[in-house]
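Protein chains in written order, with our numbering: chain A, 51 to 315; chain B, -2 to 268.
Calculated directly from the structure, the hints in this document are not laboratory data.
Some clues are possibly wrong.
[What the hints assert, rightly or not] Straight-line distance between alpha carbons at most 25 Å, and here's what the computed SDA-like set of lysine to any residue pairs gives: (1) Lys191(A) to Ala164(A); (2) Lys146(B) to Leu274(A); (3) Lys27(B) to Leu117(B); (4) Lys101(B) to Val126(A); (5) Lys191(A) to Ala229(B); (6) Lys191(A) to Met228(B).
[To be verified] One-sided and incomplete, this derived list gives chain B residues near chain A with beta-carbon spacing under 7 Å: (7) Arg10; (8) Pro44; (9) Leu67; (10) Ile74; (11) Ala193; (12) Gly213; (13) Gly215; (14) Leu255.
For every residue, glycine included, the Cβ atom is placed at its ideal position computed from N, Cα and C.
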Amino acid sequence: MIDARHHRQRIIDEVGEAGQRRLEGAAVAIVGVGGLGSPVALYLAAAGVGRLGLIDDQNVELSNLNRQVIFEEGDVGRSKVEAAAGRLLRLDAGLHVDARRENVRASNVAALFADYDVVVDGTDAFETKFLLNDAAVLLRKPLVHGAVLRWGGQVTTVLPDAPCLRCLFREPPEPGEVQTCEEAGVIGAATGVVGSVQAEEVIKLLLGVGNPLSGRIFQHDGLLGETRTTPFPRDPGCPVCSSRARIRDLARYEEQVSPRGHVLV
Amino acid sequence: MAQRSLTPEQRQRYARHLALAEVGPQGQHKLLRARVLIVGVGALGSPVALYLAASGVGTIGLADHDHVRLSNLQRQIIHTMDGLNRSKVDGAARTVSALNPDIKLETVEATVDERNAMELLDRYDVIVDGTDSFRARYLLSDAAYLLRKPLVHGSIFRIEGQVTVFVPGRGCYRCLYPEPPPAGAIEESEDVGVFAALPGIIGTIQAAETIKLITGVGEGLVNRVLLHDSMAMTFHEVRYRRNRACPVCGDHPTVQSLVDYDAFVRMEARS
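Bound-form chain A, shown alone (with noise of 0.2 Å):
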């Protein structure tokens, strides 16, 4: 059969037909359906991922359509997951979309890494971050990690035996300490950007082409119009993915996510 709809992206060289099939037979988890969690979402339904997992325990909100692009107004005090399958539907109804209405916690981030190919961390709770990206490193899976605060962000992605989160940040900072997006603020098209190049990463991950943005950082300043990629090493006394990681399982988080919990972005 002709697959019209993947038409202009089945004639890139870096796709072709294995590659549009291999799409098709993929399972991606989004972590947080929220400012970044739309586009990723949204762009990979469009390019034909077969199965996306939606983990989000929220309801929508008002104030979350200044930048969830994927919800609508009559979304509001519906749940986030339910409310953005039933939009990925009505762009493609032949996708598969499990819509969990879960916080990913300590003790379900094993099992929801095994279920898919590659995780997304579209969240805004920096304890969930450092526990997706501990997940990532001891589980040995593919972690495509963002964040975004006012104007911009940033994108890096967390493969096995390469750098991960903790090389450049080694311990999220304290409660208090930076401030998130519901006291500081955020444009929507930041987490366009942002969220666009996460969706990019999972597309060049699943088909095996391009360079991913492992060791290096996407950086996002939609104020000045600054966007750069920056490289780091690995870290050797990295706490989880070095030699001498002291981090060796999750129990850290025990169940508590965080004091903050939700997903803001």
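Using the hints, position chain B against chain A.
Below, chain B without anything else, positioned relative to chain A:
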């Protein structure tokens, strides 16, 4: 003009903007009063329209002559299966109104060409180029300069994309590309691949640049073009200046009204 205060609903909806020092209530009012024209509601127009509407740009013009095809849905995230074979501007307007019913939408189901461009562009504060042809890029650049309107340019090709902002008097598309590419180099768009999330990056940067132009904050991508390669995942910035010999915005302009852009692209291609 007296500034009306935001409604309680608007305070909720735009809470993350009100918290930003560079936007705040004043910036939000500027956004709500702004009029932006998006030409081309496809790969680039989709994220531009979604993010500008979400941000509360008060009046958005959507111009496109085309209908939604199945092959569009691989990247044009504003469209859905319900919109298949229907007009792109109507489909986009439905999605945008559902996201933010506060926004006034003006749809133009037509090709923007030398006959209607001046009258259409003149009604807006900022023009966003979401088109996919050289004919349209030269047309919009010339028209925006002649009307002294800022133009937020974006384009994508296979796995690469670029963004820049043309502010009148500080360079135009012709300063960057004095001549269209040779005829053989221009392929029909249906034969050119597009990497799915690439227009998301370029289009959302266009949206951010538009918001900066409206609110008057930050450093715009003026006199610099941002080039992105999605496979290498690199971003490069190339600086350019207004060309003093530019036939449109140079010191001695020879083009003072719109020309025949189909002919322009073909003629230049032949020479």
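Is the interface hint for Leu67(B) satisfied, with its Cβ closer than 7 Å to some Cβ of chain A?
At 5 Å from the nearest chain A Cβ, Leu67(B) passes the 7 Å test, so the hint holds.
Take a quick look at whether Lys146(B) and Leu274(A) sit within 25 Å of each other, Cα to Cα.
holds, 21 Å
Going by Cβ atoms only, is Arg10(B) closer than 7 Å to chain A?
Cβ of Arg10(B) sits 5 Å from chain A, so the hint holds.
At a threshold of 7 Å, is the proposed contact between Ala193(B) and chain A supported by beta-carbon distances?
Because about 4 Å separates Ala193(B) from the closest Cβ in chain A, which is inside the 7 Å limit, the hint holds.
Report holds or violated for the interface hint on Ile74(B), using the least CB-CB distance to chain A and a cut-off of 7 Å.
Status holds, d = 4 Å.
Given hint Ala164(A) paired with Lys191(A) - CA-CA distance at most 25 Å:
holds, 9 Å
Lys191(A) paired with Met228(B) [C-alpha distance capped at 25 Å]
holds, 21 Å
Satisfaction of the Leu255(B) interface hint, Cβ to chain A closer than 7 Å:
violated, 29 Å
Given hint Gly213(B) near chain A, where the shortest CB pair must fall under 7 Å:
With Cβ-Cβ at 12 Å, over 7 Å, it is violated.
Agreement of hint Pro44(B) with chain A interface, Cβ distance less than 7 Å
For Pro44(B), the interface hint holds, since the closest Cβ of chain A sits about 6 Å away, which is under 7 Å.
Are Gly215(B) and chain A close enough, Cβ to Cβ, to be under 7 Å, as the hint says?
holds, 4 Å
For a C-alpha distance cap of 25 Å, please report whether Lys27(B) and Leu117(B) respect it.
Roughly 21 Å between the alpha carbons, so the hint for Lys27(B) and Leu117(B) holds.
This entry does not satisfy hints 12, 14, going by the numbered hints stated previously.
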